[in-house]
Amino acid sequence: MRGVALCAALLILAGCDSTGRSSSYSANYYDHGFRYGIYDEHYDVDVDIDRPDRPRPPPGVEPGRPRPPVARPNRPTTRPARSPRRMR
Amino acid sequence: MMSKFKRIVLAAVFSCGALAPVAAAAGVTVTYETQGRELFSFSVPDDWQVLTGFEVPPSAVPEGESPMARIVSVQPVDIELVMWTGLWAPPEVHRLEDAPDYVHRVAPRLLAEVEITFREEREVNGLPARAVSGTGVRDGREFDFALVAIQITRDRVVLAAFIGEPEAHDRYEGALIALLNSITSRGDDG
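Chains as they are written, first to last, in the numbering used here: chain A, 1 to 88; chain B, 1 to 190.
Heads up, some of the hints might be wrong.
The following label-pair restraints were derived from C-beta to C-beta distances [what the hints assert, rightly or not]:
| # | chain 1 | residue 1 | chain 2 | residue 2 | range |
| --- | --- | --- | --- | --- | --- |
| 1 | B | Glu63 | A | Gly60 | 42 to 50 Å |
| 2 | A | Gly60 | B | Thr31 | 37 to 45 Å |
| 3 | B | Pro128 | A | Gly60 | 41 to 49 Å |
| 4 | A | Gly60 | B | Thr29 | 34 to 42 Å |
| 5 | B | Ser66 | A | Gly60 | 34 to 42 Å |
| 6 | B | Glu65 | A | Gly60 | 34 to 42 Å |
| 7 | B | Pro57 | A | Asp44 | 14 to 22 Å |
| 8 | B | Glu33 | A | Asp44 | 40 to 48 Å |
| 9 | B | Glu97 | A | Asp44 | 17 to 25 Å |
| 10 | B | Pro62 | A | Gly60 | 37 to 45 Å |
| 11 | B | Ser41 | A | Gly60 | 34 to 42 Å |
These are calculated hints, taken from the structure and not from any lab test. Ideal Cβ placement from N, Cα and C applies to all residues, glycine included.
Let's have the full structure, built from the sequences with the hints guiding it.
Here's what the structure looks like:
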């Protein structure tokens with residue numbers, strides 16, 4: 001188990017995924033981020049967002065992940081109001 | 001407290017799995033299985049692809065803890081907009097009544113400034129379900145989201161989530177509704 005895991009970690013650090021392709025492309029950025037968010041909640045672990053295997057964000061996007069909110073006073077949103085979207 | 005080694009193992013498994021081979025699909029039916037149990041199936045829209053996710057072996061988590069279930073995501077092959085559609089059955093959510101609490105815990109890890117603008121109880125293929133939708137922010141960009149929890153078997157709930165730019169929701173709404181309505185139980189009691 002340790003050997004397999006360490007090999008996987010080395011491959012990741014080398015910038016490859018399980019197919020041998022480079023794993024650093026922006027197409028997987030959001031898939032990666034949302035999966036990690038769900039796994040973080042389950043295991044209560046925050047994986048370092050600066051890990052080298054993290055897919056790069058699309059151009060112009062500042063990488064980041066929301067963190068569980070810290071208690072703070074309500075503040076008015078700066079987002080413009082939009083009509084509610086009704087699911088069909 | 002999880003050991004540092006197990007954190008590394010989990011991180012490695014997650015990374016490999018999240019970037020596992022992408023299966024191109026054309027109107028195929030996918031059966032969702034996690035920890036050896038088939039729970040549901042769904043149809044993949046034409047010209048969409050499936051990221052099958054991965055399984056965490058029970059031996060990789062501390063004794064007494066459940067490994068997280070597989071997360072499957074689907075998306076159009078030629079996509080220019082930001083969107084994510086995922087399906088998973090959290091092991092700790094057994095009943096629809098458990099879903100709101102779970103969603104409140106996981107939502108802040110997906111989006112900031114979450115605002116729920118719509119919620120309803122409904123049925124999906126005769127199965128009881130609850131739906132919410134709204135808006136949130138990620139990386140400074142505003143996204144729409146929609147989340148449907150379905151009681152897929154007597155003791156498991158599947159979550160189907162869409163998060164994406166409003167334009168993506170508008171463009172792919174038909175395909176997303178078709179995907180949702182294709183979800184059928186594969187559980188022995190479903």
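Task: Enumerated hints in conflict with the structure, sorted upward - done: 8
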